[in-house]
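A.B. asks: Make the complex out of the two chains shown on their own, each in a separate frame, by following the hints.
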Amino acid sequence: MTQKKKQNPTKNSGLSFQELIFELQKYWSTQECIIVQPYDMEMGAGTFHPATFLRSIGPEPWRTAYTQASRRPTDGRFGENPNRLQHYYQFQVVLKPSPDNIQELYLASLAAIGIDTKKHDIRFVEDNWESPTLGAWGLGWEVWLDGMEISQFTYFQQVGGLDCRPVTGEITYGLERIAMCIQDCDDLFELAWSRTKENNVTYGDIYHQNEVEMSRYNFDLANTDVLFNWFDACEKESQKLIEEGLSIPAYEMTMKASHSFNLLDARGAISVTERQRYILRIRSLSREVAQSYFESREKLGFPLVKN
Amino acid sequence: MLKTRDLLIEIGTEELPPKSLKSLATAFSEQMCLALNEVELGFNDINWYATPRRLSLLITDLDITQKDKEHQRRGPSLSVAFDNNENPTQATVGFAKSCGVEVKELEKLESGKGAWLVFNTILKGKKTNEIIPGLVEKSLKRLPIAKRMRWGNYNIEFVRPIKWMLILFGNKALNCEILGIKSVATSFGHRYHHPDALEIKSPSEYSNILRKEGHVIVDYNERLSLIQSQIFSVAKNNKGNAIIDPGLLDEVASLVEWPISFIGNFDPEFLKLPKEVLIATMQDNQKYFPVINDKKELMPLFICVSNIESNNLELIKKGNERVIHPRLSDAVFFWEWDLKYGLKSHRQSLKEVVYQKDLGTLYDKSERLVKTLSLIGEKMNLDIDSAKTAAALCLCDLLTKMVSEFPKLQGTMGRYYAKAEGENNDIAIALEELYQPRFAGDKLPKTLSGQCLAISEKIDSLIGIFSIGKAPTGDKDPFALRRSAIGLLRIIIECEIDIDLKDLLSTAASSFSNKSQSLNCINDVYAFLMERLRNYYRDEGFSADVFESVFAINISRPLDFHHRLVAVAEFRKLSEAKSLAAANKRISNLLKKSEEINSIKIKDDLLVEKSEIKLARKLENYKKIIAPMIDNHNYKSALTELSGLKKVIDNFFDNVMVMCDEPDLKKNRLALLSNLNSLFLETADISKLQD
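Order-wise, the sequence lines are chains V and Y. The first sequence begins at 1 in this note's numbering and counts up by one. The second sequence begins at 1001 in this note's numbering and counts up by one.
Extracted from the complex, chain Y is given alone in its bound form (with noise of 0.2 Å):
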């Protein structure tokens, strides 16, 4: 058996990237796993630790060389190994010469399909302490670094000066090169704790030895839970809870190797601000966790994280307080610029504010929302006066100090100004609703100017982009149109909008200057929302096969579509359907192959089997049953319905022959299929469904 022992790798850094950090670390991981596989040493588990100031990877159990391996080399044919006396020739004696050996050491191998000279060997395995720099060195290569970064004199790329590099096997530290640099024998402490050399015997203890003597708590998880539950006990301290956003809290624990939170407070004259300005100061400027009582108040106070115990904490907190107040002050400065001036002024500078190079101002695209959304609203129950003005107000925010300075706060600061200013409420919540959805899994406008507005402000910029010849491609997505158009589509669907896509395509495009292109990109872009719809329901769960038979219909009313998808999606349940999905596919089939029914009268002296009478006297039935329900888009109970057809159809199928040699009985029973085939078709077409 293979001996194993516990290997360390720590790569020190001057402070890393906070947002990448965690990412590096696992790539790190998953890299090096890559590099032992691909080398075939054995190991048990693999941990990643990272700090700001470390890349460190505990790798157990790793077999201490490479199994040796049974290693066969090809020479020549043996018909041409050996002249007529025997004796080898010069291709032989080259052979043997290049594996070192006589010919005499060589071997044959017979197969079925030749016989050859062979030398057959076994390599050693290479120690692992000598293959371990290259794999370091391979890993650190191929980590995801948006920018790397020289410094000094080096040749060297990474993503922050690499300071030093520890390599531990087993209890003995590695002495190699790695990009260049050096490995120590130590690994160090804490930037201000514990800035010396700092011994580590084994790597299973390096992560205690981190934390006992040098003040670093290397496993990231750790002190991210420990970060999250010093906030939590800080924050009830005040009587209040923290707001602990995932993403800062990710960020906090990546700019931190010894993490002590306090509290700071700042003036309350303050909380007069917009919550969303508070917030947004806090965690994007201070990396701050705000705090709220009870009643989800925001309080004067604020969490911060240090990175140091100091003996005088108070020092600290004053600092961060005395950077907060100028903050502060600087938004209520903003705030009070932004009242004072107004949203409607800013209305005329949207002239000046490029949206697209060839598609015009901001103006312009207000204006073209403005003439949009009264197109949509036409047809809907909608305000269209306050819904105008909402239009031509929403992209005023843009302009004002505040959005500049949290880009972040767009819509959100146009409904605290449009309130201000005293518009109604329907339109100042509308400017915010505009942008919803924000991200994935985002709620979704509330209003139904919101609804409208949102709606119209994507279509606009999936045609006007899509005219411009800037449609995403592959995995470029500049004007983020993926996640207009998803946005698009969920409005629709889950607030229940039931409007047609081909329709709004065209109002829309309609509204554009350069009008030709903008309608001809029309067909583009419903493909492309017909894209993102099958992707929707892809996450949404359904199946694939689900999705094909209501797109192999052309629906282009989202909402009508998805009230086919779901009662597909439960006829699919129904014991019948596999049957009844055969039938139409054999349906289809059949028309498919027949040119000549032109004609899908049925003719009634031409019936003559018993099964096709019945079929056809069901289907006039069932033909008066269903038109009520798919006028009433009660598309699952057509379905449950026509399940009831199943035990005709089969018969008829049994009992029929459908291309008979009689050509009018034939065409009679073409047209009957052809019949049957429309009833299903008004909802989906379910011969897509799969088995």
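The following block holds chain V by itself, in its conformation from the complex (with noise of 0.2 Å):
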């Protein structure tokens, strides 16, 4: 690995990777948004959280906000590229139903991160998310600040096969990406997690290593056996759970088949074939996961809804 070349921590500006989470939730919880904590499992994206998949089902309204590790083990680099990382944070905004002012209250959120919209280029660039896996699409943007995409903007049409009435927007951010244009940082290594009086603690002091053996893992060393064994079984268990009628543990269920397809997949453990076949049987999954949980809401009488 070729050696980096030091920035001189004290002096990149801007707010630390922390406080632009800090300043995001405190900007979210003032637009009534529930602020609820990382979901305690791998996941693809911020998406997968039942805070936004399962709650984007049914009537009942929701506003939260929250950060989400978020794994791909494809995009791994071993901690070489200052630009990919196979681990990394996404800010998650769900408003169901899509309030008329999103796109504002989108972009006054930057404002209360210190990104002047009268000076950067910020665009919104048609992208339609599709997630085959979740069953899951919705029309939407990526946004661009000066050509780089820092977030994605979709307002969802159906989760798990089921049509989204309300209709939710949701906002992802990406978190070191804003933050490489906040501090003005060309790697993302050596942003400012946090700043003490003495020193900065990177982003690098704390996950580089992490992105190191991570890579190995994922690209070289994860027992495939054991991987397909493990969504088998996984996918038995949400089977079960579903005929149960326990939507919850069985999303549980179908998120970790979901992430021992990703680590297959890392590992090109999966022709091209058989893969449409694997994210077809984890669609199922999602598919009957959905259907069970609106069920579970509906018997409760959709307590959220208000007259």
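Treat the hints as calculated values from the structure; they're not laboratory data. Just so we're clear, the structure is a prediction, and the values are computed from it rather than from any experiment. Every residue, glycine too, gets a C-beta built ideally from N, C-alpha and C. It is possible that part of the hints are untrue.
Taking CB as the label site, the calculated pair distances span [said to hold, decoys possible]: (1) Y/P1268 / V/Q239: 55 to 61 Å; (2) Y/I1156 / V/L304: 23 to 29 Å; (3) Y/D1294 / V/H208: 44 to 50 Å.
C.D. replies: This is the structure we're talking about:
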């Protein structure tokens, strides 16, 4: 690995990584969002968090925001690429129903973290989202800040195969990229995670070793036989739980199956044809979970619906 | 005279999809035009405007009301309208009542077909401002939107959420509801420069006010040419020329309301990447315009079109440079990774990639290509060994990291990687040429290996997909077989490859494992190709009857077909063409009617009339002259030569009765005509030519 040139850590300014999270939480809590906590399981994106996936099903209103660690094993670069990580953070905002001023709310959140919308080139560029494993799709944009994609913005149309009524608006911030912009920093490992009087603790201080070791595991060492078994076991478990009408644990098993699949994908253990079949297997679990969750909320009389 | 006013319609939205913005706007204009015609409202002109956040129409001199219209309602027939005492019947009373008038106000209508009671009235035209909202709603509902979306808690569906609607008629904003959304009295400016309301006093001032106060150039074409000239001068200031892809220019014009172009740099180190990769990264990922120098080499520069007049352009420039760097680093990562693994190493992995469920893997396909190519190549002056290598390698680049990132670089990357692996130039080029022509009017393969490989691939796709019953139907062509077919025909004809389609089809079909299905579909594929050929020549400007004249004689070598077609088109211009075509039509009608011409041998002793003797003699001469011309595919000379027969043929028909009472004479004359007919048919069936 090449020696990285060290940036002067005192030089970079702007919010630290943790302050960025604080500010977003503060901003969205004033917008009547419940600040929930990251889910304690591996997932590919904040959308998988039950606070998004399950809550966007059915008629109950819901507003939430949270940070979520996201794992994409194939994006690992052994800590050598200053822009790519297999483990990174998303800040997720879910507004159901999507308010009329959702774009303005989002732009105000950028102002809250120090991005001057009159100086930067901020654009909403068409990007329609589809998650084949979640049986979900929506229309929306990626948000560009001076050409960098810093957020995904989606109006959910379907989740788990069910029509979204009302429509959930989802905003996903790519925290590392935004931090790079506001700290004017070209190497994410040099981002200030926190600042003390003496020095900065960098993103690299916390996660560089993690990237190196996890890339080794993801690409070279993950035991594929074991992963195939896990996938099968989680799928069976999920199906059993759906039969019991327990959508939440059934969904956890779906997420586990999904992560096993991602690891197998990174190991190159799944051929292109097989790949499609695995995706369909996860999707059919997601659909059943969604249906089961809807029915369980219906039985409870959709308690969050206010008259 | 009716009074008129200008009408402005502005639909404010969240950011619209850039690739369909223009078509949405023009469709809106067309639909509104239709709707106005339907309700018979006159206007002078209709202009459309489109930005990422608005679709607008300016309709000038629109009538302020519909014209009054005479209307007649027909009631009961006179014969049943009154009873014997001249009193109105029940039917008449009912009719008058339904018209809201007394019986005496009804009039009589008598015509040849009968007589009735009628009610004549004048329908008052409605006020335009009352019907506009309905027309706008109807037009919006008819827009060609691929995926409509819902938002919030509404039941409305549109391309993106609607933010506001301004309907300004004259100097008055209409207060109405369209698609469930209440109209407003103002417009709004640029998202960042002028997010507040913007008053428009009259429709004609719209684009000026938006430009001057709103920081929005609403006119799509004005914006497009502004961007173009900005890019041009930015490139020039940096001693370069911008590559402006028209599709990208459209997309960029659809992404900005207030374009500001600037130049950015990237590390010249990245210029070691294939230029196609750099261009794809800039154009596809970042919507940048690449810059080349006088030698047409890429410069380490890009032109970006931003949507804001920032007081700190340097900030935006730096941000964009920060984005392109990691993208290009990733491209280097893919490039080096692929070079390390090489192209050949992917060949075995092709076994894992399904081409089509019933047609095996990509590996199977590449094996078929090797086989088909060898068979075709035997008949041509092709370096079989290197062509076979090309066929074996040609699908391998689909598994490289670069092609999975940029699918449109398939073939191109194959060329680079094959060269890097030490394959000869011919092989490398063939890998890229396999995909040509990629679109209508695209260039064709230049090398013979490339041409043969492209032919093999296209014929393989056609037979394969037809054999599993997925031939194109109507406007459904998921495997783009029409494009394959036209590409195949263009290569054969324009690269002058003299190959027989039927041979080609059975050769290729024999390489399939589902041999019986693939052999079975040969006729269908052949017919499909001939249909495409018909379209090809129509697009090339040949008239349909010229095509028919060659099509009728079943020529399955497209190149030969082409020579004949060109000859017929030339022949058609000759003064003799018309009467010869008519004569041939007459001959083929005569021959069709008479079943008994089993012998075409002309008996000299049965030739009695002077004109038929002369024709028979001429015929013998011409047979000898024409034969070598046909052998050399010199159809033009053959037809020109044959036009010399016009006089003798005309004489023959003027003086000789073919269907005479003497059976022997009749038979002999028909045999003579049959010979004549065959002579023409050696080139084409010119009886198909229309006046």
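A.B. asks: Can you name, in rising order, the numbers of the hints this structure does not satisfy?
C.D. replies: none
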